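Visitor: As you go down the protein sequences, you meet chains A and B in turn.
According to my numbering, the residues represented by the first sequence are 25 to 460, in order.
According to my numbering, the residues represented by the second sequence are 25 to 331, in order.
Just so you know, the hints here were simulated from the structure itself, not pulled from any lab data.
This structure is a prediction, so every number in the text was calculated from the model and none was measured.
Incorrect hints may have been included.
To be verified - Keeping only pairs whose Cα atoms sit at most 25 Å apart, straight-line, the calculated DSS-like set for lysine-lysine is: (1) A:K92 x A:K151; (2) A:K166 x A:K151; (3) B:K173 x A:K212; (4) A:K65 x A:K137; (5) A:K442 x A:K260; (6) A:K292 x B:K134.
What the hints assert, rightly or not - Derived contacts from chain B toward chain A, CB cut-off under 8 Å, selection only: (7) T73; (8) I77; (9) S162; (10) Q294.
All C-beta atoms in this analysis are idealised placements derived from N, C-alpha and C, irrespective of residue type, glycine included.
Next come the chains, spelled out residue by residue.
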Amino acid sequence: MTNQTRRRIVGGMSALATMGPMFWIKSAQAQTSFKPEKGAKLRVLRWKRFVQPDEDMWLANTKKFSEKYGIPVRTDNENWEDVRPKAAVAANVGAGPDVIVGWLDDPHLYPEKLVDLTDLADYLGKKYGGWFPTARTYGTTKKGRWIGLPLGASGALLTYRESWVKEAGFSKFPTNFDDYLKLCQALKKNGHPPGFALSHATGDSETWMHNILWGFGGKMVDDKNQVAINSPETIKAIEYLQELSKTFIEGTGGWSGVSNNNAFLEGKISLTSNGISIYYAGKNSTDAAKKAVAADTNHAPMMVGPVGRPTELHLLSQAMVFKYSKYPNAAKEYLRFMWEREQYEPWQAASLGYVSHPLKAYDNNKFWNDDPKYLPFKGVVERMQPHSYAGSLGYASAACMADWIVVDMFASACLGQKSAKEAAAEAEKRAKRYYG
Amino acid sequence: MAKSSSQSLLDRFNNSANALGLVFMLPAAAILLVFLTYPLGLGLWLGLTDTKIGRPGVFIGLENYRSLFNDSVFWLSVFNTIGYTAVASVFKFVLGLILALLLNQNIALKSFMRAIILLPWIVPTTLSAIAFWWMYDSQFSIISWVLVKAGLIDHYIDFLGDRWNARISVVVANIWRGIPFVAISLLAGLQTISPSLYEAATIDGATPWQRFRFITYPLLTPIIAIVMTFSVLFTFTDFQLIYVITRGGPVNATHLMATLSFQRAIPGGQLAEGAAIAMAMVPFLIAAILISFFGLQRRAWQQGSKD
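The following block holds chain A by itself, in its conformation from the complex:
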């Protein structure tokens, strides 16, 4: 009993203390603060970690917050693919966790149910060198109101075996599609084929395929949200991918999300697209063979196509505060706390580059220099485009992505079921069901 009263007083005092600067040094970029509600407690739902230290550090930071503010925070983890349905249910029934850390266009599916985070996002943006453009796109409505707070993107980059790429005659990893095809053909010839998922492998197949689609100038919709997938550029991309897929190891049409990790670590493939998890798993493995694979592993950004700029797609994660929450200010203060350099940088370091930052200033996180193999992941958010490109985020973009329209288009052409033209026409027909 006494404890509770004391905690409340301490909480109130610290809130008072942090409030001070807001009034007195408003113009200076000092500590902004949202005054947490009295007796606030928070429930946070986030995706289950891909690498253990991520979760440990997240919880440690959360504990620091609880101690500083006297606000208990309960953190729940869900498999990353299950966060979307849970968040949707919470939004629909108007009850659930105060904060949900979700994915991609989640906030754009129920924008009216979310607390406006504009002041918080502006504060963080000003303090940390601004948001990368794609992070801003994901976080804001068309009118520029912030409804999600980007946490970062889980980058999927080209993961390759250095020695085999050298053996194939490339001292430097290629940066354009022509050289890249030559590399893949040489790798295949040497008996070390590349392997990329052509299947419904959530999180894997969409990312590398969009790089090629966009790289050649193809896109699902134009900037007016009109379906534009059936274009000469798309057909070029499909034809390129048909050639490329001939070099893949057999059976990638049936791969799941972990197939490429296993195949790579077992030395069956020389090149794939993945997050940093393969390298991490190899480096921390007790198996000497896998350790050796990790030592020979390196990463490269996705190819830059004829459009002449990076066209990467990654899984961006962002936090949302729901209007049904009784403690929106405490939730915002929690997010502010977690996104501040003192907490964010150690957390990012702990997650070993699995999450690339959305705020420019975190380019300077010292962690990036710990291992040169991390470096390609540094610019992931800077190089990425929203999956709704060139249109806006919303129901249609979510539906097209979930319905595998782009993946099926490429896969049906690569698996010999359709010609490039037929595949593009089919994708157009399917996309029109959602874009109207």
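Knowing the structure of chain A, use the given hints to seat chain B on it.
Guide: Okay, now just chain B, sitting in the frame of chain A:
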């Protein structure tokens, strides 16, 4: 006066089979209403609206169904579901019946055999699906590995990357999982058949086939009708096996109506469309139930005579 009349009312109520029956049925009816009728009605309603995740919808009539009618993926899923159900059910019936007949013989360790036969049915579907997924892996498949080591094939089988291979693979997994249910249920049916019938037939010089054809099969028919109705319903609404093994891939070759409904409703956010797909399954399910219902009505079967 008043008291005695109210008492007699209570007495009459207590002695009325109809009134009591109604009251005793109420709890069950309430459960059915809350947990079956309401969700079904809600699904039906959702399918007629444009509801999305996080946004209530308005009534749009049959627009979802019209849109699905022009959707090649939807029709592919209908084709897949019917094929998956038909092939898997036939195999489950034939293999289940053979297994039941075997288990009905006097074999060694009879009780033990009957117990372990149930294992595939008891193991959570997700776990058995993961096991199958490993067996079907394109690089690490134990099946391919054994065949390659035995020198029977020279490269690994593409179980899940080729559309027909993938379809066969998931059907096999479903059959493996469904056989125990059919076998054990039919075994229960077999044990209700009086041995004296077989003795009489044997004395009359009936062959084993004749005994099966004219005693076992006719007497087992009502059980077969029920078991196969359930088996067809389970198979038609299968979700987990597909979701774990292929996610409907490659290029939707193994998408069932149930998995497509989920994919569109939840990850895709199109709740109404998902509900419409789920509703489109109902006519098929009702047809399966009616077939068995009318089959059961023909009670003459039970006497083994022609109706």
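Visitor: Hint by hint, work out which the structure violates, then give me just those numbers in ascending order.
Guide: 6, 7
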